[in-house]
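Engineer: For reference, the chains in residue letters:
There are 2 protein chains.
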Amino acid sequence: MTEHEQPPTRRRRGRPTGARAGDSGTRERILGAARGVFAERGYDKTSIRAIAKAAEVDPALVHHYFGAKEQIFEAAIEVSFAPALGVPDVLAAGPDQVGERLARYFLSVWHNPATRAPLLAVVRSAVTNETAAGVLRGFVLRRVLLKVAGELDLPDARLRAELAAAQLIGVVLVRYVLKVEPLASATEEEIVAYVAPTIQRYLTAAE
Amino acid sequence: MTEHEQPPTRRRRGRPTGARAGDSGTRERILGAARGVFAERGYDKTSIRAIAKAAEVDPALVHHYFGAKEQIFEAAIEVSFAPALGVPDVLAAGPDQVGERLARYFLSVWHNPATRAPLLAVVRSAVTNETAAGVLRGFVLRRVLLKVAGELDLPDARLRAELAAAQLIGVVLVRYVLKVEPLASATEEEIVAYVAPTIQRYLTAAE
Chain X
1 MTEHEQPPTR RRRGRPTGAR AGDSGTRERI LGAARGVFAE RGYDKTSIRA
51 IAKAAEVDPA LVHHYFGAKE QIFEAAIEVS FAPALGVPDV LAAGPDQVGE
101 RLARYFLSVW HNPATRAPLL AVVRSAVTNE TAAGVLRGFV LRRVLLKVAG
151 ELDLPDARLR AELAAAQLIG VVLVRYVLKV EPLASATEEE IVAYVAPTIQ
201 RYLTAAE
Chain Y
1 MTEHEQPPTR RRRGRPTGAR AGDSGTRERI LGAARGVFAE RGYDKTSIRA
51 IAKAAEVDPA LVHHYFGAKE QIFEAAIEVS FAPALGVPDV LAAGPDQVGE
101 RLARYFLSVW HNPATRAPLL AVVRSAVTNE TAAGVLRGFV LRRVLLKVAG
151 ELDLPDARLR AELAAAQLIG VVLVRYVLKV EPLASATEEE IVAYVAPTIQ
201 RYLTAAE
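Chain order of the listed sequences is X and Y. Mind the numbering: the first sequence is residues 1 to 207 in full-length UniProt numbering, read in order. Mind the numbering: the second sequence is residues 1 to 207 in full-length UniProt numbering, read in order.
Hints in this document: simulated from the structure, not taken from any laboratory. Check each hint, because a few of them may be wrong.
You can't tell identical chains apart in this list, so a pair holds if it fits in one copy or across any two.
[Said to hold, decoys possible] The calculated DSS-like cross-link candidates involving lysine-lysine, where the alpha carbons are at most 25 Å apart (straight line), are:
1) LYS147 x LYS45
2) LYS179 x LYS147
3) LYS147 x LYS69
4) LYS69 x LYS53
In this text, all values refer to a predicted model and were calculated from it rather than measured experimentally.
Based on the sequences and whatever the hints tell you, model everything.
Structural biologist: The structure is reproduced here in structure tokens:
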């Protein structure tokens, strides 16, 4: 362990401010290692110790930057879901063809293997672990669903946003996890053609 | 291990025919134990040995009745998904309000904790293990999706059946796994009111 980076002598709560040069690089390194370990083993089987080992730092340094495993997972989600955070912007452009724009945007994020793999890893952890599900729920609510619902001037705004999300999540689950044909090999445009009216209705139709 | 039931002296391939009294009971006992172990540990971490131990039989007897782990999982799915096998019947009753009938039927199966728990367990295994996903894919295609598609006299029948399934699966994922409010606490009828037109359109609208 002697070659491992040691935690700062004076422990501070939360993220250090006025940090030494290299602090930000260390935090990023730990976060990158954490994402890899979470993706490989799932939330359940990931330990602070394993993350520290993968990042080649002392476990105390992991605690120093992030706190408990739950907080590290939250930070990892923040990175993995960065592309999903564009969803409210898609909506803010107005209700015209929002179903089509949103379906196309969502499918393109999942189509790209570089953005899909970390998303799938987070979904796998959330499906198998209650704590991970809770962290994901809080994140998706705060960062996506509430913002989408805020754009809707309709009754049941949150329920509508969630049903639209449910349709899109269901599609990627059948397409990329269960890999059922023909949905697994359909082009994005074939899927958009069918799914866009569904999303459009949930987000704009007063009924 | 001496108190464990021993495999028959003469090994036969497949399910024994003209079996001794009690064979069927033994098979059911192993299957029940397998479902419990799969549900608790997931597909990855389940071994034939663990199933045998839970059923209090010799591992060779598990092999004798079911073959490999994959086949035991398939048999377990068969039991867990029994309620889902009513879906084609719902469709066969005709296109009139099929979206509403199907959404209500699907949600009622998931609403009942006794039928929901084993379904969730299968989904968890499939989301985290490729082999389990393959078994579930084959089962759902053969026993549900192809039958539903067979009832549709429309282009893209299979894709339509899968998009309807994706909407319903997405709803139960957000409702029972992520537990996002208000979808988690909405009544079945509130959900049906929004989701039924989606299913109806996928399954009946020529566009």
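Engineer: Between LYS147 and LYS45, at a C-alpha cutoff of 25 Å, which is it: within one copy, between copies, both, or neither?
Structural biologist: Classified as neither: same-chain Cα gap 33 Å, cross-chain 39 Å, threshold 25 Å.
Engineer: One pair to classify: LYS179 and LYS147, alpha carbons no more than 25 Å apart. Within, between, both, or neither?
Structural biologist: Close across copies (18 Å), not inside one copy (31 Å); limit 25 Å.
Engineer: For LYS147 and LYS69, with the copy left unspecified, which applies at a CA distance of at most 25 Å: within, between, both, or neither?
Structural biologist: Classified as neither; 27 Å inside a copy, 45 Å across copies.
Engineer: Checking LYS69 and LYS53: alpha-carbon separation at most 25 Å within a copy, between copies, both or neither?
Structural biologist: within (14 Å within a copy, 33 Å between copies)
In this structure, the hints that do not hold are numbers 1, 3, in rising order.
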